[in-house]
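Student: Each chain is listed here by its residues.
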Amino acid sequence: MFTPRRIVGFALIGLILACALLAHWIAPYDPLRSSVAMLSPASAAHFLGTDELGRDVLSRVIYGARTSLAIGSGAALVAMLIGAPVGLMAGYFGGRLDIVTVMLIDLFVALPGLVLALVITVMVGPSLQNLALVLGFVMWPSVARLIRGQVLPIREATFVEAARAAGGSPAWIISQHIWPNTMRVVAAQFAVSVSFAIFTSSSLSFLGLGIPPPTPDWGGMVRAGYDFLAVNPLLSLGPGTAVGLTVLGFYLVGSSVE
Amino acid sequence: MLTVVVRRFLLAIPTMITLTALLFFSLTAILGSPAALMLGQDASPEAIAALNARYGFDRPLYVQYFDWITSAARGDFGRSHTTQQSVAAAILPCILVTLELAALAIVLAAVAAVVTNTLPVGRHTLGPLVVAANLIGITVPNFMLGISLIFVFSVGLGWLPSTGWSPWSLGAFEHLKHMILPVVTLSAYYFGVFSIVYRAEYRDVEKRLFVQAARAKGISRSRVAFRHALPNAILPVITFVGLSMGQLTGGAVVTETLFSMPGIGRLLVSSIASHDFPVMLAIAMMIVVGVVLMNLLADIAYTVANPQIRIH
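Protein chains in written order, with this note's numbering: chain A, 1 to 258; chain B, 1 to 312.
FYI, nobody ran anything at the bench for these hints, they're computed from the structure. Note that the Cβ used here is the ideal one computed from N, Cα and C, for glycine as well. Heads up, none of these hints are tricks.
Which stretches of chain B does chain A cover? Using the computed rule of at least three CB atoms under 8 Å from a CB of chain A, they are:
| hint | segment |
| --- | --- |
| 1 | 253-263 |
| 2 | 282-291 |
To list a few chain A residues with every Cβ distance to chain B over 12 Å, as calculated:
| hint | residue |
| --- | --- |
| 3 | A165 |
| 4 | A166 |
| 5 | I173 |
| 6 | H177 |
Produce the entire structure from the sequences given, and follow the hints as far as they go.
Tutor: Here you go:
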């Protein structure tokens with residue numbers, strides 16, 4: 001139950017969650033307030049220094065947790081909402097529905113997620129809701145494929161046969177007997193989806209297609225700080241480390257279930 | 001054998017047509033008229049209509065798609081809206097840059113994954129380090145890893161150039177010096193993925209009787225590891241290499257942008273930024289077709305390497 005991987009993973013997620021929820025109390029400064037102390041190095045007053053507009057980098061990193069978690073969990077939720085019903089139905093009913101679904105899934109899974117997200121984000125414009133929708137749309141095929149694979153053996157189990165013999169409707173069997181048995185894997189996949197969404201959305205932000213400024217956003221901060229790498233490396237490395245630790249936390253939790 | 005290859009290839013054709021059509025329709029439909037996109041928000045409806053007529057954007061979408069595909073098959077991808085240069089001429093030199101970067105990164109990742117997980121020495125000291133490096137590779141985004149490397153090796157130590165690219169014509173040494181950091185950055189993720197796949201297989205093979213027999217005969221540990229166990233554990237890595245070649249484009253986009261390399265990924269980002277529709281479309285289409293082809297190659301390679309699955 002509590003493997004070292006999971007303990008570290010949950011600890012990291014807890015830390016990020018605390019930052020997001022308690023940002024207002026933890027952050028030493030207002031993340032949007034600029035000052036004349038531009039590009040100052042790390043000091044006791046500013047642990048990570050200030051950026052090119054004189055904003056406190058640490059406060060922006062703490063508030064950035066909100067953006068990342070919102071996009072990550074939003075996207076994972078969207079992927080589940082599309083992928084779970086599709087996977088459950090394809091796996092349970094089989095036949096032609098299954099063949100068509102698998103073809104569709106194979107079609108999408110092969111495409112590079114980042115490039116797909118890049119192209120769609122250009123079409124719909126970057127905003128928090130849009131990014132969550134786009135990344136959810138990019139990820140749903142892998143969710144559907146995983147759940148379909150889980151359903152196949154459960155469908156043949158004796159308790160499902162008994163439910164069918166008792167005259168249960170497909171909707172009742174799927175929701176009462178099959179869905180609960182996939183929960184373990186679904187939960188793990190949710191965590192992996194969050195980590196992938198945060199990984200990809202921060203890459204999009206880095207490419208200039210993320211949440212528009214001035215909202216604190218890790219990928220965008222790394223990009224902005226890159227120009228001042230020789231002046232204050234923490235401008236880039238601070239938010240970059242935050243991305244890495246968050247992705248690591250969700251990945252460790254998600255990958256600990258096989 | 002030949003029939004298998006031909007059949008797989010024929011099966012890939014509808015996939016490619018579906019994907020390119022989907023991409024074409026969604027790009028043109030959701031983006032709105034490319035003319036409106038080029039002229040910006042303040043353009044008058046007349047100007048948009050005129051440009052639409054000039055480039056043929058007012059024709060039905062399926063006609064435009066068919067037109068695009070048939071010209072593309074002849075190597076004509078239209079002209080860039082911003083530079084008026086032919087798209088094919090703009091893309092061609094970029095492809096080589098990206099291919100070289102991707103190929104080097106994949107080779108480095110595969111070799112590093114296989115060697116670090118095969119080495120029979122110091123499993124208890126080296127093993128956890130390799131696992132940690134794999135986790136870093138998988139979870140730290142390309143841009144963060146790249147910037148950290150630039151910070152250490154360029155800004156800090158001054159050993160390697162931070163960004164930029166140098167063509168082969170200016171000397172192989174200079175070229176390779178510029179390639180080191182991008183290649184390492186791009187390969188990290190695949191090093192992690194390949195390691196996980198290979199390690200699981202290798203641990204399995206190690207327990208098999210022929211490996212134990214080889215060891216019992218008194219053959220040296222490293223010879224057993226590299227000559228007996230390795231060849232039997234490497235097949236899943238080969239499959240994964242093929243499957244990840246397509247996915248690699250995503251990482252290449254970020255890596256090329258970070259290191260200012262004149263590759264296809266950076267061209268895609270800049271065409272998006274300048275609303276250059278023909279270039280954007282050509283690159284997106286090329287990536288889609290490339291991914292399908294690479295998966296096809298991986299499929300065929302796997303079939304060739306493993307006769308057991310040739311039944312169907």
